[in-house]
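Participant: Chain order of the listed sequences is A and B.
Letter 149 of the first sequence, counting from 1, is numbered 149 in our numbering, and no numbers are missing.
Letter 365 of the second sequence, counting from 1, is numbered 1365 in our numbering, and no numbers are missing.
Some hints could be false.
Partner residues are not named here, just some residues of chain B that face chain A (Cβ under 8 Å, in silico) [as the list claims (entries may be wrong)]:
id, residue
1, 1173
2, 1175
3, 1384
4, 1400
5, 1403
No farther apart than 27 Å at their CA atoms in a straight line, the calculated lysine-lysine pairs in the DSSO-like style are these [as the list claims (entries may be wrong)]:
id, chain 1, residue 1, chain 2, residue 2
6, B, 1422, A, 152
7, B, 1343, A, 70
8, A, 22, B, 1191
9, A, 37, B, 1402
10, A, 45, B, 1343
11, B, 1130, A, 98
12, A, 152, B, 1191
13, A, 37, B, 1343
14, B, 1073, A, 37
15, A, 22, B, 1402
16, A, 105, B, 1208
These aren't lab readings, by the way, just hints derived from the structure by calculation.
Please read these numbers as outputs of a predicted model, since none were measured by experiment.
Glycine included, each C-beta is placed from N, C-alpha and C at the ideal position.
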Amino acid sequence: MAQEHRFAIIRYLVDNLKDVGKIKIQKLIYFLQFICKVPLGYVYKMHYYGPYSDELNDDLIVMQSNENVKIEVDPSGYGYHIIPGTEAVAIDENVLTKYSEQIDKCLGEFGDFSPNQLEIISTLHFVKYVAGVSDEKKVIEKTVMLKPVFPKSLIEETYKQLEGIMNSAS
Amino acid sequence: MVEELKKSEFRDPVHGFITVYEHEKEIIATAEFQRLRRIHQLGLESYVYHGAEHSRFGHSLGVMHLAGEAVVKIFERNRGDLTKTLKGGEKEAKSLREVLYYTARLAGLLHDIGHAPFSHPGEDKLFEGKIKHEDYTVPIIQHSGILSIINRFNDRTGVSSQDVIDVLNKQGIYQFPFVKELISSHFDVDKMDYLLRDSIYCGVEYGKYDLKRLIDTLTLDKGYSTGSYQLAIDADGLHTIEALILARYFMFTQVYFHKIRRAYDIILADFIGDCLEKEYRKRMYPLPSQIADYLKWDDNLILTKAKEQANESQRNSAWRIINRHHYEVIYETLPHPDPLETKKIGNLIEACEKEFKGVRFFIDRAAGHPEMFRQESLPVMRKNIWPPASLARESAALHGLKPIDLHRVYADIKENKALCEKIEEFSKSFMCK
């Protein structure tokens, strides 16, 4: 997908969420690409807070220098707030119209998730569907290994939630 | 009792003596690794800075060395926390340290094994689709003797080939992500090595910074929720990491994006494309699934072909490579141009072609985003303060960095000085309109 099309979608998400952190935008775009099948073309890797795309981070930086978004460091010094910038993206309405159903579905499904919830559910999804670990027990084991801070029971419960979402998506 | 690993020492121009363990020595001896001796680190940069004849071979050894040093220092600073993660005792901590040490070293040693001839020229054109040189790394390990060497030493290193693959593979899952970050991230040991190495071989000072201090101040942050430790820097190392970022910025503008080096990148990409077309009927390297075929491509093969095909009367790319004849820059923007200027430069080529019939023009865009460090989330650790602030918040020095987006127009003008001046004049007035 062309860069300006990606920018239009990112700006649409930021406009709708008003104030969104870097973790949340990374995960929403991840789900938009992998579950809602919007062909954004980002490459994701497993990072400290779950799946993460360097290319998406680069896009955000370019959008910031274009003033399409503002990225502010949280007053605590830890974490970021991405808010709409002063410059509109030269919006290609076709892109937003073309994918509006998927974007709204993604926002409806995951928009209210907390960053922690998004971290667990996206990690489970990455382990199973990107890294290709098919066995349920192994998916949970790997996720527990990657996220030792979260209780195993919460990870198991979230796995069921993910499977429900995946079944309804297919 | 498990037999200890034998050690050798290699003399390195950047790091002095580098320890090499016996399993690493076996990997270094494979044909796939030896090929790196025949991949120049900086393409034809030596046509600008004559010392820049170094290869990916020495750089890979340097990265291996630094990856190990970094793990040792990080472990020293975070021994208690890392041991707690494992819920194990002293013995387990020692073995974890060794496993991470050997894993990081092997990943460092192998991180560049998939490079194409002359390292970077044509990377955006000569690989199919979105394939990059990194996509060849794992297939090379899997389809060579390297895989079995790593596994044969597993009882002594605690490292399996899967561990190394998980660290090197972007989508691989490794329990300690900071090891992946050490090998590939904005602050990886790859950059720490190449900035110093390239500076030394080029004979420039731009890429120098305080490596020892930087490694000494690397540490970990537990983060809010992850439980998997994130690479961080102690506040004492703040200025050293700023120096690394600035060094990289200077190296980009002064060395990597030098106008003559970039001209040869264009010429090399053109010639390598011709060679690939003759061989495969398309201007593409073999796919990662055709690894044996891919590995035969190295600088020596390209230079041999260039020597055979060099034709002075045609002034072809082969002749340019062998005899150092490059295109001339007739217009260039500043490293941080005005957006209007970059927009206009596309029309400049068209105007030049109309005005100077028969002259070939090329446009080159050298872009890098050092300003991304303004937003870098690397935690800066201060005593008794948690959560730590990020580098983005702590560093005022980095706030002035802007993206490099240098545009150049080259012309093939056959050493005709008068014509060159005429085109330069025309370009300047066109861009000023």
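Participant: Please flag the earlier hints that this structure goes against, numbers listed from lowest up.
Facilitator: 3, 4, 6, 9, 10, 12, 13, 14, 16
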